[in-house]
Amino acid sequence: MAVNEMPGGQFFLAKLDDVARWAQSSSVWPLTMGLACCAIEMMTATASEYDIARFGSEVFRASPRQADLMIVSGRVAQKMAPVVRRLWEQMADPKWVISMGACASSGGVFDNYAIVQGVDTIVPVDVYVPGCPPTPDGLLYAVNLIQQQIRQGGRGGILARA
Amino acid sequence: MPSSQTPPAGGTALDPTAVRPDIDDARIIRVTPAEIRATLERLKGEGFAMLLDIGGADYPGREPRFDVVYHLIALTSGARTVAAVGKPERVRVLCGVPEADPTVPTMSDLWPAADWAEREVYDLFGVHFSGHPDLRRIQMPVEWEGYPLRKDYPLRGPAREKTPRPSFALKSNVAAGTPASGRTAAALQRQIAAARGQTPKDDAK
Amino acid sequence: MTASAGAPAHGLEVVDAGDGRMIISMGPQHPSTHGVLQVITELEGETVVRADPEIGYLHTGIEKSAENLFWTQASTVIERMDYLSPLSNACCFIMGVEQLLGITGDIPVRAQQARVLLCELHRIASHCVWLGTGGIDLGAISGFFYAFDLRERILDLTELSGGARMHPNYLRIGGLRDDLPEGFLRKLDELIAMYYPRMRELRALLQKNPILQDRMIDVGILGADDAIAWGITGPALRATGVPYDVRRAFPYSGYEQYEFDVVTRTEGDAYARFMVRLDEMDQSMRIIEQVRKKLETPGPVMIADTKFAPPPKETIALSMEALIHHFKIVSESFRVPPGDVYQAIEGPRGELGYYIVSNGDNRPWRVRTRPPSMYNLQVLKKIAVGEYIADMVVMIGSLDPVFGEVDR
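Residue numbers (our numbering), protein chains in the order written: chain A, 3 to 164; chain B, 2 to 206; chain C, 10 to 417.
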């Protein structure tokens, strides 16, 4: 983001896009899409030791209308798949998706009838986080990657690995 | 090498309770669907006030095919001290249910705890509980077909039974190396042989 | 009333109860349902007339997966059922298999002590999550941070011994994977030292808090007779006055050696369940302190029988026999004699049981879980009637369900 200071020192100039992306990346509010074990590590990432709030994700919104980021944390069962899709559709643009954990990314240890083999078969995913469950550090890095993608504009690189 | 997630071959004529008298974890009673209701009512009257669990098991190749397994414990609400609770007796009632008519009377009027447990046995094994107030699927979506925990139901579900493993192979260039892609060692051999103008070996596919 | 009662509400259906009643779907995505639960609630104004919990949104097919994994591998998926106290699930399953193998008496004492230690640590960790999230549901957000910090210290110990914070797969059929590492006991002492002041803080924040008491006392009352009829076990049962604890009634893994109280209350409301769990955490720490002293004594942590126990890594390079045993155990596991067993432990939620059937093969034939959370959650159908919709989260929180276990 290019910042030019005018003489007199009380104004600076930047592109509106850059300012908007800076604002968006600094306040990515996740949706509470906690499904299974990864949800507990996601909650731990909001607790004091890891503290996702210092990256701007101050609140997790329960309503998809108010959230920017869907962190699919946990295994997606057959019954839950249409719910995940509906919630993603209800989120307003721009929105991003983190697929947290092995189960959300590819079905994980559960290659069976009951689990959707990767939430990217249902919603487009921006960042995949490996782990079963990933440590909260991994989730924080994924949020950082999302922030990078936002600042670069567009959806950034695909399959950005956390 | 037998890998994980391949189902074992064949069924078994196992009657599990006949085999291990040395494991003394519960009194074991085996009944038919005609006797189950009377047996459980009698046990409830004898002090087995708590129904711990109702589960199912599938023994294809055995007649009767299914087992509906009831676990009871002699725990009553009158016991108010640890000494009064003591070591309550456990009982395991196994009801052999034939495949031709997989029906068992419901216990949900005797124990409200039976409600969801019986729905789950219905959902995953296909055993009907006659008299149940609301027998519908509980774990699988309502429109699901098939009974997943039966032994003849494929682990990965009928839709994905024959697709390559592991499932992430479909998403990356790992798929290029699976038989479905055509790029196998045998195909490569044929390619090489063709390039050299030789006839390919007979045993290559 | 139109629309079938309890049909999953993710189809677009307009339901009208007629007669002024409203049907709402609480969940399956909801900040306060402690997981993926849908409660289809029929309301008369603010009062719940009917509550129909709808489960299955996390059905993972763990039992079927376990049938397709070796005995040594099955505990990896089974750990993922009750994901708040994973080692408890593994411990119960492994003890069941050990009964089928007939080696229960041969498990080394140190392995039993470590199992007790880790199960009690995970009980406290699970109650920390319950306490923190239960507080958040009521708006008591500070308690969440204190409770999760305590849980972090426990997860540090789990990571130190097992290698992972959650799902460490540290327990093995026959004992443990390897001994507790150096520095573990020192870190455990640090945890014990910080536990009591932290619990005092948590109690000061929550226990006598008038808002919390107002919201929990006389909410979701469950009587002892109903609890027995609905198959309730664990803190929810003990809060009605029945002191049934599997650790006392059917001691396993050496629990008969440790002194602890079975905490009970009689009121049966949400506050009673709250107090039972808080006091239970203290009793768990009491057990941990007793085990800590016993762990000073070194000893083996795996049975000597190499049919089940992989030989120590150092011997594999030197002995052909050790190499073969290791190869066989890892590549095709051992065979368990045919039979069935029901093994129960006292999990954080109640009596967790596994009904394990073997047909003599190297894979389980059937692993049926007796899920305490499923039975505890079912009683919501009864206790929610007549309460306010705002109390629904209080009741669900006080029953403490984990959906990995309810749905499996």
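For the record, the hints were derived by calculation from the structure and aren't laboratory data. Every value quoted in this text rests on a predicted model; they were computed, and no experiment measured them. Glycine is no exception: its CB is placed at the ideal position from the N, C-alpha and C atoms. Among these hints, one or two may not hold up.
[What the hints assert, rightly or not] In silico contact screen, one side only, chain A against chain B (beta carbon under 8 angstroms); selected entries:
1) TYR52
2) LYS81
3) ASP113
4) GLN150
5) GLN154
Verification of the supplied hints:
no.	hint	result
1	TYR52	28 angstroms, violated
2	LYS81	5 angstroms, holds
3	ASP113	5 angstroms, holds
4	GLN150	23 angstroms, violated
5	GLN154	24 angstroms, violated
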